[in-house]
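Below, each chain spelled out in residue letters.
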Amino acid sequence: MTTTTRMTETGTITIDATVNGRPVHATIAAQTTLLDFVREELGLRGAKRSCDVQVCGACTMLLDGTPVSSCCTLAWEAQGKAITTIEGLSAHGSLDPIQQAFVDTGAVQCGFCTSGMVLTAKSLLADNPSPSRDDITAYMSGNLCRCTGYWRIIDAIQLAGERMRDKDGGS
Amino acid sequence: MLSAFTLHQPVSVTEASEMLRHYGDDAAIYAGGTELLVLMKERLVHFAHLIDIKQIPGLSSIAVDDAAGSMSIGSLASHRALERSPLIRERAPLLAEVESQVANIRVRNAGTIGGNLCFAEPHSDPATLFVAWDAHFTLASAGGSRTVAAADFFTGLLETAREPDELLTGIDLPLLPSGAGSSYQRFKTHERPAAAAAATLWVEDGRIRDARLVAGSVGIGPERLPATEEMIKGQEPDATLFARAAELAAASVFIEEEGFESAEYKRHLIGVLMKRALAQAAERAAS
Ligand SMILES: Cc1cc2nc3c(=O)[nH]c(=O)nc-3n(C[C@H](O)[C@H](O)[C@H](O)COP(=O)(O)OP(=O)(O)OC[C@H]3O[C@@H](n4cnc5c(N)ncnc54)[C@H](O)[C@@H]3O)c2cc1C
Ligand code: FES
Ligand code: FES
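Line by line, the protein sequences give chains A and B. Going by our numbering, the first residue of the first sequence is number 1, and it counts up by one from there. Going by our numbering, the first residue of the second sequence is number 1, and it counts up by one from there.
These are computed hints drawn from the structure, not numbers from a lab. One thing to keep in mind: the hints can contain errors.
In silico DSS-like pairs for lysine-lysine, Cα to Cα no more than 27 Å straight-line [unchecked claim]:
{"hint": "1", "chain 1": "A", "residue 1": "81", "chain 2": "B", "residue 2": "41"}
{"hint": "2", "chain 1": "B", "residue 1": "188", "chain 2": "B", "residue 2": "41"}
{"hint": "3", "chain 1": "B", "residue 1": "41", "chain 2": "B", "residue 2": "54"}
{"hint": "4", "chain 1": "B", "residue 1": "54", "chain 2": "A", "residue 2": "81"}
When you get a sec, could you build the whole thing from the sequences and use the hints?
See the structure below:
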């Protein structure tokens, strides 16, 4: 029987990927989720575990720019891909425009949903730089917030979109 | 936490099918994993071998065959790919519309259409749509391939006509001719729909020549409503007819008691949604 080249006899797999732009090579158990890999093996704790069943979005990470539920994604899927976590957005010491807009509009209360919200918003704005409030609601509907009532999160995403467009237009 | 398993990456349908045969009940196909991993995490099932079929080439293509009058969709196409495909938006816009409302953005990115259909979860949107659209599914194994009508594929709760060593490889969707129209209506308060209704109408000389009406999400799988279909065939499509048809659909549909909504409420929803589906399908048939 043919078996995969990435699976070893002892039940581990190897992964080559980048995490926030940094190359990572790891050998881990095949059943490791992306969330456990990033939180426990790499020590990046920005992504949260909440529902654990793909409903809340607190664990959102980007794989090649696309949001996934890291709680229910095998680390296996990250092979050859770029993993972006919330830590990657402020890697150069300043906040990403989306993070700054969340601060400025008061879109953060307890903060548990925030890393997932910001990353999901990042992929939305990359795809659609000037989304309507309805576009934002539709795209973000799988990211739950128990504190803010969403209104300010939508404000923040619109504000970030405006600032990013101004910056692009001005440069 | 997930228990240990071995991941395999076959590069052909034959190889994957042979693995399924070799490992039997110890193995499962793993596509997006959005259903499978949740079941395994909750320890509802365990498989010692997961067969990742994403390295098999050609299974995520989307193409139109104008001569055959159909669109073919590979089973590995993600919901998001179907939602965004320019070809689908142009030639089968209802599918793109339905796909854009499935689950959430993360599940649409990872989840495949084949995984959705093979899991046969009763709240599946595409399952209901495809039965009303008279889609056909291709099942392939090391021994060859066969085609099954969507209506015959869904055999029960989480059950399909797929044999243990078969893969779902593709979906064939007939392109509706002019004079035909289709609609899908759903209502949801949680992640998956509470009730859904799909209608396809073929209208000729001002009368309904043929109809496929399907209720979804309220029973054990997509349910065709033959009595309601018969009632509207040969009739002129109008609001009075559709109101009566919706009443019959609601009265005759099988309701499974589960989930957040009462049976009575789901029955009511089927009536409301079927009336809307019929009206929109007729409008599209006329345009
Ligand atoms: C939070 C959430 C919300 C959802 N909401 C909706 C919704 O609103 N509407 C809706 O329709 N669906 C909904 N879904 C279901 C979603 O569409 C499916 O989870 C997804 O499409 C499954 O695809 P997958 O590739 O991840 O399947 P997997 O989890 O990989 O596989 C599912 C099953 O199918 C088998 N399988 C997969 N591919 C094949 C194949 N090609 N051949 C043979 N067997 C195969 C696997 O062995 C497994 O048993 C929701 C799911 C979640 C988790
Ligand atoms: S923890 Fe992953 S989606 Fe909720
Ligand atoms: S700020 Fe508390 S969950 Fe969103």
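Going down the list of hints, with the structure as the test:
1. Taken as a hint, the residue 81 of chain A and residue 41 of chain B pair is honoured in the structure, with Cα atoms around 24 Å apart against an allowance of 27 Å.
2. As the CA atoms of residue 188 of chain B and residue 41 of chain B are separated by approximately 26 Å, the hinted pair is consistent with the 27 Å bound.
3. The suggested pairing of residue 41 of chain B with residue 54 of chain B holds, with an alpha-carbon distance near 21 Å, which does not exceed 27 Å.
4. In summary, the hint linking residue 54 of chain B to residue 81 of chain A is supported, as the alpha carbons are separated by about 15 Å, within the 27 Å threshold.
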